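Trainee: So the chains spell out like this:
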Amino acid sequence: MGSKKKVDKESSETNIDATELANDQNNESDDDSTKLTKEEAKKYYEEKGIDLSHDVPIHVQPIPPFEKSMADKIVSKFGQKVVVDYVRPNRIRMNTKREDILDVAYFIRDELKFDHAESVGGVDYPDSKEIEVVYHLGSYTDEQLGNKILALATRVPREDIPNPGNDSTRTPSLRDVFYSVEFHERECFEMFGVFFEGHPDNRRLLLPEDWADIPPFRKDFKIKGR
Amino acid sequence: MSTIAPEFRLSRFIASLTDIIFWVLLIFSIVGLPLVFIILFYIKLPVINGQLLTPYLALTWMANPANTVPIIKSLIHTEFFRIIAFPGFGFAALLAAATIFVERKFLAKIQLRVGPLYCGKIEGILQLMGDGLKLISKEIIIPAKADKPIFWVAPLLFVGTAAAFASLIPVASGWVVSNPNVGLLAVFATIGFFPIITVLSSWSANSKWPFIGGIRALHQMISFEIPLILSLLGIVILTGTLNLTEIVESQQHYWWIMFMPIGAIVFFTTILAELERIPFDLPEAESEIVAGWLTEFSGMMYGLIQLGTYLKLYAFAGLFTVLFLGGWNGPMIWPPFPADIITNGITIGPVTAHIAGLPLFDQDMLNGTLWFVIKTVGVILVILLPRGVFPRIRIDLLLHTGWYKLIGLAFINIFIALGLLYAGVLGHGGLIQ
Amino acid sequence: MTTQLPPGIQLETIDDRIMTLNVGPQHPGSGHMRLIIKVDGDYIVSCDPDPGYVHRGEEKMAEYRNYIQNIPHLERPVIHDSCNILYPYCLAVEDLLGIEVPERAKYIRVIASELNRCIYTLYWLAIYGIFLGHSTMFMWPAGDRELFIDLLEAMSGARVTHAYFVPGGVRNDLPANFEERCLRQVNYFEKRIKEYEAIFYQNPVLKQRTEGTGILSRMDAIRLGTTGSVLRASGVDFDLRKKEPYDVYENLDFETQVMKEGDSYARSRIPYLEMFESCRIIKDALRKMPKSGSVRTKLKPNPKGGNDESYRRVESGRGSLGFHVISNNRPEPYRVKISVGSFRNLICIPYLLKGEKLGNMPSVYWSLNYWPVEADR
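Protein chains in written order, with this note's numbering: chain A, 92 to 317; chain B, 62 to 494; chain C, 22 to 398.
Just chain A, same shape as in the assembly (with noise of 0.2 Å):
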């Protein structure tokens, strides 16, 4: 789960000749005699190193020049701090460290116009340790950028017992450079335990004053009965 798959003009050879053969296989399901079994073509296909796991045809996207643009303009500012993820039209996202957050976000608003922040969600990565937090940052100001949304992201440390608040599982928050993710974060501290450093109220927002359980948007937290 670890790494994204970028679509971009790269590495597009061998996803296609991955998709080829998926469709052929799935295409000869009547007739089995001179055909491989599934355990057999799983082999051969592992050992020649092609991924079946998707059966979605990958559509190349080229690259947009503007939103390229604005990726070039971070990474010449920031360097090795931000990692861009995927560039796509309309949609970017950069990966960064914690520490280095509040620059960067200072910088997305003064510089790149975008002015407030659509949403603020957390994923569980347990496997990894890690929960990363993603804001997606919109612009109402700017009329270019009307459309497009920057996706901002960050991980932090996760632990295996959480005490929200208490632990490793912090981060700086953006309540000063963007108004508008003060309920976001709450929301997202309550719900993967998250501590935002710096926001003024960091409390319960939508689950009940009592609950004494780990925060539940967290894999090991298992829906009964499911």
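Among these hints, one or two may not hold up.
Here chain B is said to cover these stretches of chain C; the calculated rule only asks that three of the stretch's residues, wherever they fall, bring their Cβ under 8 Å from a Cβ of chain B [claimed, not checked]:
{"hint": "1", "stretch": "225-234"}
{"hint": "2", "stretch": "368-375"}
To be clear about the criterion: a stretch of chain B counts as covered by chain C if any three or more of its residues have a C-beta under 8 Å from a C-beta of chain C, and this derived list gives those stretches [stated by the list, open to error]:
{"hint": "3", "stretch": "172-178"}
{"hint": "4", "stretch": "328-342"}
{"hint": "5", "stretch": "444-456"}
Worth flagging that the hints you see were computed from the coordinates, not collected in a lab. What you are looking at is a predicted structure, and each value in this text was computed from that prediction instead of being measured. The beta-carbon is built from N, C-alpha and C at its ideal position, and this holds for glycine as well.
Dock chains B and C against chain A, hints included.
Mentor: Chains B and C in isolation, oriented as in the chain A frame:
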């Protein structure tokens, strides 16, 4: 249902019937008859043909058909009948009940729906009876920390004051329950009780929402009582009397609304505020303070308060008619009683019956009553109309209206009245009599 | 007290002058949430919203069901606007699975979305009327909604919670004679809503109560990140159907309604004006729709998305609704994050109610187009 109710057995049915008859006779003879005799000490009995009319005598005389109508007529002209039935409580309650039903249907038609439909064969006409029975059968819940004596008594006080107010309104010439010489002042004094009762009932309920509702009702009623009194001063100046019957008699040729329209408008607005009707229904603003000062009343107490409210509505509409619209004056449209029935009697087939004392009510009185009812119903319909059109007003706008605008308009009205008086147009010795 | 309090717990001092009111979940004027209001006489000193009474954990439940099983429960946050809340989910899943939607399905989706927007707006207007004490304004929109609910019942089989949109198109085709029926009802509807102008929007008592209250300036609206009709009533011309057109909105012609004042009156008027635009869109779409064709792309059994994510958003009745779906080679999505318009507008409630009169509380609070069930998800 068939598993709960037992099977029908004729013997059991007859047994239950005789049981009921037994108990009715017992209670009537042991309790009812002495009660009637005790009460009769306080009711003035008419003296007919030199004999005091006791119930036994009345029964024997009623057995003689020639005496039936005069006895009934003499009963109708007693004070008791006036208080209970005709211009008093019975008439007012009947009009109030009809108003509730008409209001629901009227509003429903404005709001593109139908209103009560199922209770009663014709368009839900028995809905009120159903509501009354329901309210009687509900449990009366008193909050634990409420001030119990005042809480119990408040709805009764409310109905009592409303009925006292309705008793001052003259319906036809000579037909009024009480006719004090300072009738209008008595009206003001009675109206002044209503804020006190509201605050008492909301305070005794001992809960936050009735408290806020009671305070709002107090603000509203007090700030609208002053324009109410001031707007009627014009009429008092021009007629020179406070007696309601005389005010109506002075409107034989013209109605006061023609000369004092501003006073009529101010009075109408203050009526809406005193009755707590939309747009002034802050004390019971449902979406903001649950039900205001009515929150804690349940069952028949709520029913009594509703009755009191609609009695008040009838009384205010009657007051408006009496003061501005000419009361019972109007062209004679009631057909006169055919005179040959008095002289020749009613002939049905071979039998001719002479019934003495027949015109129970004379033609003037019936005509006057008819006009009064028509005008009052018209005023009631206009009072009901804003409920379908306006939202609720806010408290500070309400106080602004009551203290600034309405008092200003009432003073303008007084100046118009004084001007008309001193210019010699109206009043004693004026151009128009 | 020298002990360290747990994070987020506050101490409160008791003041003689200030009364704390619980405009709570059992209150005819609050919807399914609680506002803890402190009043000083008639002025609100502070307001603390307490949502979460209807929190069902939609996002967590979505991780346990596969892409098609997610449809019935993801539409529950707004049951009467269910097409608009499933719309971005279907768009995002179509991105992840790489599905092309047929043309006729796109037009049907646009028509259903606009019908749902009108249904939601009328419901909201009805409750706005009754909060202000205007019972006629409650009855008329509630009755006029039935016109469109009947149409959606003919399309999808249910009056609310239609579950009509699926990744790949719509669940089934329109019934026969739908186009004439829809056109007739939309024409009648336009005549009906013109009457609201006289009884509600030009009503002097309403104007006195709502004009000039709860003013949200343009800079504040942008800074607070509001969305939907609240944003457009403060003078920002932003409508996702124009800025980031999805499905066939770029072929249809309509306008964005913007007002400059930013008070409660403007916020209550913008959805009403947008209903006229919705009728325009429906009539236009009915004209341009291909007359026949498939309405659904068949999915493979148990479709899995790649190691990928997608964020799509749609303009719903309350504002822009975004779905962030992350998939990882399993039939169930790894994470579904829903960003609803009501939750983004929640921040306006404490901001605007501070310093307002208590009598203005219903008119300001409900004019923010806040649907509590959706904000809690």
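Trainee: Would you mind marking each hint as holding or not holding in the structure?
Mentor: To see whether the hints hold, each was checked on the structure:
Coverage of a stretch by a chain is defined here by at least three residues with a beta carbon nearer than 8 Å to that chain's beta carbons; for the stretch 225-234 of chain C and chain B the count is 4, and the condition holds. For the stretch 368-375 of chain C, the stated coverage by chain B is not satisfied: 0 residues place a CB nearer than 8 Å to a CB of that chain, which falls below the threshold of 3. Judged by the Cβ-Cβ criterion of 8 Å, the stretch 172-178 of chain B is covered by chain C as claimed, because 3 of its residues qualify and three suffice. Under a criterion of three residues with beta carbons nearer than 8 Å to beta carbons of chain C, the stated coverage of the stretch 328-342 of chain B is upheld, 3 such residues being counted.
For the stretch 444-456 of chain B, the proposed coverage by chain C is satisfied: 9 residues have a C-beta within less than 8 Å of a C-beta in that chain, meeting the threshold of three.
Checked against the numbered hints listed earlier, the structure breaks hint 2 alone; every other hint is satisfied.
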